[in-house]
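Place chains W and X on chain C using the hints.
Residue strings, one per chain:
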Amino acid sequence: MAKSNKPLLWLPFAGGGLVSALITPALILVTGLLVPLGLLHLPYDKLAGFAHNPIGKLILFGVIILPAWHGAHRLRMTAHDLGLGNGVLVKGACYGTAWLVIIASADALLSI
Amino acid sequence: MSRRPYIRKVERNWFLSQRRYTLYMTRELTSLFVLLYCVFLTLGVVRLSQGQAAWDGFVTTASSPLGVIFQLVCLGFAAFHSVTWFAVTPKAMPLMIKGEPVPDKTIIAVHYALWAAVSAVVLIAAGV
Amino acid sequence: MSETITLEVLRYNPETDSEPHFQSFVVPYHEDWVVLDALNHVKDHIDSTLSYRWSCHMAVCGSCGLIINGEPKLGCHAFVRDYRGGVIKIEPLDHFPIERDLVIVMDDFIEKLSSVKPYVIVKEEKPVSEGEYIQTPAQLKVFKQYTQCINCMLCYAACPQYAMNEGFVGPAALALAHRYNMDSRDCGKDERAEVVASNEGIWECTFVGACSEVCPKHVDPAAAIQQTKIAASLDWFKALLLPGGKK
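Residue numbers (numbering that gives the first Met the number 0), protein chains in the order written: chain C, 0 to 111; chain W, 0 to 127; chain X, 0 to 246.
Pulled out of the complex, with its shape left as it was, chain C reads as follows:
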């Protein structure tokens, strides 16, 4: 047996778990309830301005990709628990989605 390289996958999972536990419900509350109910507005200028600021970019990037990685890694383990195995397909679907989120959000944020 040899020491595993799992820390590379696991530390961002654990960090993302904390970040998502702290912030994801509030984000969904805004985009999924308060805005649809008309209690809040997310005007383009304000948000684009926030995303234009380097710190704003970093915050948005963090609150998207850390929970995404957390979800992807945990989903991969859950797929195994469900008897779907640990194959390339499962890994590809989970981590692939996370990487898509990372690349697409980085690309979008850098262009704002």
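What the hints contain is simulated information worked out from the structure, not anything from laboratory work. Virtual Cβ for every residue (Gly too), placed ideally from N, Cα, C. Check the hints yourself; a few may be wrong.
[What the hints assert, rightly or not] Simulated pairs of lysine to aspartate or glutamate, EDC-like, Cα-Cα distance not exceeding 16 Å:
1. X:Lys122 / X:Asp185
2. W:Lys8 / X:Glu18
3. X:Lys140 / W:Asp55
4. W:Lys8 / X:Glu165
5. C:Lys45 / W:Asp55
6. C:Lys90 / C:Asp106
7. X:Lys143 / W:Asp55
8. X:Lys116 / X:Asp185
9. X:Lys143 / X:Asp185
10. W:Lys8 / C:Asp80
11. X:Lys88 / X:Asp36
12. X:Lys125 / X:Asp185
13. X:Lys122 / X:Glu190
14. W:Lys90 / X:Glu212
[What the hints assert, rightly or not] Quick look at which bits of chain W chain X covers, simulated, 3 or more residues with Cβ under 8 Å:
15. 5-11
16. 83-97
17. 103-111
[As the list claims (entries may be wrong)] Far from chain C by the CB rule (all over 10 Å, computed), these chain W residues:
18. Ser1
19. Arg2
20. Leu22
21. Pro100
Leaving out everything else, chains W and X in the frame of chain C:
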């Protein structure tokens, strides 16, 4: 005398066999909804980067009945993730202060306070 | 007639049975009996062929682990009175092969337990004349909880990851590894890491937490494993960042 150990197979639906396993599986499945919402958020920033019209379109999608239902389901699972994550944090990260262990309840309470504070910041930043 | 209670016991005779089956026994009900007493009654008065392990009858030896009404428990730690008016279903520990009746094959556990080197490893053995390896009460407190393990294997019977991943080192062995890693007298952390921080070690654990719930000695293996994950992750990054760092 001959040995012939009998090996029992794990049922595919083992997680339904006990309440604690079902709760565990529910906790683990929060990951799917956290991930899906992140994909949705990514769509949001992509639309944001494409200008006013694209962003307004995204807000309309998010506010559509289907968008709201999807997000409310995500909200339920995300909140369950928060609650279960905080509940086990003292186990993973026990704290010793001056040689005395900090009670689990205190560690959990601090996390709930942090959760409230972060949520308040998000709501204030969003303009409540 | 005085009160009785029914036991449904999983029987398996490797010489005659193709698979296990339940057999019912009606035993006297006693307020102060534990399930092990009821099994002893069966063995002494009803069916002497019933096989099961036990020794101390006081939750110290860790021999009488059973699945009682679906829950991993020590036979000596489960009172018959808690099942009054019902049937007590008794099965061998889950996730282990059945040798005979309630006796399981524990070779896999023993092998994994010894693989984590569950003993104090010192850099240099010193002669007795040089005295003891001193430890303060505060240093003891850090790991004392994890010393309570009696190797009863209830945690293995509760762990779905052990059931699904043959190689998984499992809760008790990893908790004991943590116990020695946290011991101020010990220097064996790196040796243990070969097993503990391998893919079959802590990384198979998904923090189900069932191990800690069923532990009769409140060892909390789940906590030990998560703490080891954090420590192993930090070690891994340290080794990566520090040139010439330990592998």
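Hint-by-hint comparison with the structure:
A threshold of 16 Å between alpha carbons decides the hint, and for Lys122 of chain X with Asp185 of chain X the separation of about 8 Å falls inside it, so the pair holds. With a C-alpha separation of about 12 Å, the suggested pairing of Lys8 of chain W with Glu18 of chain X holds against the 16 Å cut-off. Distance hint between Lys140 of chain X and Asp55 of chain W is unfulfilled; the C-alpha atoms sit about 59 Å from each other, more than 16 Å. Taking the CA atoms of Lys8 of chain W and Glu165 of chain X, the gap is about 12 Å. The hint holds against a cut of 16 Å.
A threshold of 16 Å between alpha carbons decides the hint, and for Lys45 of chain C with Asp55 of chain W the separation of about 13 Å falls inside it, so the pair holds. Restraint check for Lys90 of chain C and Asp106 of chain C: the C-alpha separation of about 23 Å exceeds 16 Å, so the hint is violated. The suggested pairing of Lys143 of chain X with Asp55 of chain W is violated, with an alpha-carbon distance near 59 Å, which exceeds 16 Å. Pair hint Lys116 of chain X plus Asp185 of chain X holds up; C-alpha atoms about 11 Å apart against a cutoff of 16 Å.
A C-alpha spacing of about 14 Å is found between Lys143 of chain X and Asp185 of chain X, which places the hinted pair at or below 16 Å, so the restraint holds. For the proposed pair Lys8 of chain W and Asp80 of chain C, the alpha carbon gap of about 14 Å is at most 16 Å, so the pair holds. Proposed proximity of Lys88 of chain X and Asp36 of chain X is supported: the alpha carbons are some 15 Å apart, at most 16 Å. Of the supplied pair hints, the one linking Lys125 of chain X and Asp185 of chain X holds, its CA atoms being roughly 13 Å apart against a limit of 16 Å.
A threshold of 16 Å between alpha carbons decides the hint, and for Lys122 of chain X with Glu190 of chain X the separation of about 12 Å falls inside it, so the pair holds. Restraint check: the Cα-Cα separation between Lys90 of chain W and Glu212 of chain X comes to about 13 Å, which is no more than 16 Å; the hinted pair holds. Counting residues of the region 5-11 of chain W whose CB lies closer than 8 Å to any CB of chain X gives 4, which reaches the minimum of 3, so the coverage claim holds. Counting residues of the region 83-97 of chain W whose C-beta sits closer than 8 Å to any C-beta of chain X gives 6, which meets the bar of three, so the coverage hint holds.
Using a Cβ-Cβ cut-off of 8 Å, 0 residues of the region 103-111 of chain W lie near chain X, which falls short of the minimum of three, so the contact claim is violated. Remark: the non-interface label on Ser1 of chain W is consistent with the geometry, its nearest Cβ contact in chain C lying 33 Å away (cut-off 10 Å). Remark: the non-interface label on Arg2 of chain W is consistent with the geometry, its nearest Cβ contact in chain C lying 28 Å away (cut-off 10 Å). Remark: the non-interface label on Leu22 of chain W is consistent with the geometry, its nearest Cβ contact in chain C lying 13 Å away (cut-off 10 Å).
The non-interface label for Pro100 of chain W is consistent with chain C: the shortest C-beta to C-beta separation is roughly 21 Å, beyond 10 Å.
Checked against the numbered hints given earlier, this structure breaks hints 3, 6, 7, 17; the rest are met.
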